[in-house]
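Chemist: The listed protein sequences correspond, in order, to chains A and B. Residue numbering for the first sequence follows the working numbering, starting at 1 and increasing by one per position. Residue numbering for the second sequence follows the working numbering, starting at 1 and increasing by one per position.
Keep in mind the hints are simulated off the structure, nothing from the lab. Heads up, a few of these hints could be off.
Only pairs whose alpha carbons sit at most 25 Å apart, straight line, appear in this in silico SDA-like list of lysine to any residue [claimed, not checked]:
1. A:Lys42 - B:Gly16
2. A:Lys109 - A:Asp39
3. A:Lys42 - B:Gln41
In silico contact screen, one side only, chain A against chain B (beta carbon under 7 Å); selected entries [as the list claims (entries may be wrong)]:
4. Pro14
5. Gly16
6. Cys40
7. Glu43
8. Met48
9. Ala67
10. Leu74
11. Lys97
12. Gly101
The C-beta atom is built at its ideal place from N, Cα and C for all residues, glycine as well.
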Amino acid sequence: RKEVEQDPGPFNVPEGATVAFNCTYSNSASQSFFWYRQDCRKEPKLLMSVYSSGNEDGRFTAQLNRASQYISLLIRDSKLSDSATYLCVVSPTGGFKTIFGAGTRLFVKA
Amino acid sequence: DAGVTQSPTHLIKTRGQQVTLRCSPISGHKSVSWYQQVLGQGPQFIFQYYEKEERGRGNFPDRFSARQFPNYSSELNVNALLLGDSALYLCASSVDFGLPHTGELFFGEGSRLTVL
């Protein structure tokens, strides 16, 4: 079983749609959780951290479910510019050996 | 301020050769991590260095080695190259080591290695 698993997609959605991605992790000792965004042939960049209480940043909402060991990302009112690969990232206590999922590809079409 | 810089950006090697990739972190960042990203996959953790010491190692063979210099720059070395080593090698820097509160990694644009 992979340490971090994501649905690879692709998700093809129209502009304005709401789309959700889930990610599961296997190490119950994981302490830190993040979503990164990677544009085609570019480096990954932090989208948002994921807190136990859930957090929101504009159109993006992240949730953490420790009991079921999954995190989610919700994107509302999708924009063309949201087209990218979204990487689920998990880090154990101490912060090293950060584990990336394989990514979920999102295509937003006009 | 300059971001994370990596060199070379592209290189082609043949099987059995050796390669050295270089990374300069953001000024003030003391931690450097290396990742391998194969097409269609997420980055795979190779090493993390902090204050010139190895703090973490991923599941890569001993052909992979790295070091961090006093100025916090880093090199990744890969010996006896295999076709399967063809990938994008990403370097990421962070302010500190073991910060679960932010965890932000700042990535360079990567070194794209092709092994023929």
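Chemist: Now tell me, hint by hint, if it's right for this structure.
Modeler: Hint check results:
1. A distance of roughly 28 Å separates the Cα atoms of Lys42 (chain A) and Gly16 (chain B); the hinted pair therefore is violated under the 25 Å criterion.
2. For the suggested pair Lys109 (chain A) and Asp39 (chain A), the alpha carbons sit about 16 Å apart, so the restraint of at most 25 Å is met.
3. Restraint check for Lys42 (chain A) and Gln41 (chain B): the C-alpha separation of about 13 Å stays at or below 25 Å, so the hint holds.
4. A hinted interface residue such as Pro14 (chain A) counts as satisfied when its beta carbon comes closer than 7 Å to some beta carbon of chain B; here the least separation is about 25 Å, so the hint is violated.
5. Because the smallest distance between the Cβ of Gly16 (chain A) and any Cβ of chain B comes to about 28 Å, over 7 Å, the interface hint for this residue is violated.
6. Restraint check, Cys40 (chain A) versus chain B: the minimum CB separation of about 11 Å is more than 7 Å; hint violated.
7. Below 7 Å, beta-carbon pairs count as interface contacts, and Glu43 (chain A) has one with chain B at about 4 Å; its hint therefore holds.
8. Here the hint on Met48 (chain A) is broken, as its CB sits about 10 Å from the closest CB of chain B, past 7 Å.
9. About 19 Å separates the beta-carbon of Ala67 (chain A) from the nearest beta-carbon of chain B, more than 7 Å, and the hint is not met.
10. The beta carbon of Leu74 (chain A) comes no nearer than 20 Å to any beta carbon in chain B, farther than 7 Å, and the hint placing it at the interface is violated.
11. At about 5 Å, the closest approach between the beta carbon of Lys97 (chain A) and any beta carbon in chain B falls short of 7 Å, and the interface hint on this residue holds.
12. A distance limit of 7 Å between C-beta atoms decides the matter here; for Gly101 (chain A) the minimum to chain B is near 5 Å, and the interface restraint holds.
In summary, the numbered hints that this structure violates are 1, 4, 5, 6, 8, 9 and 10.
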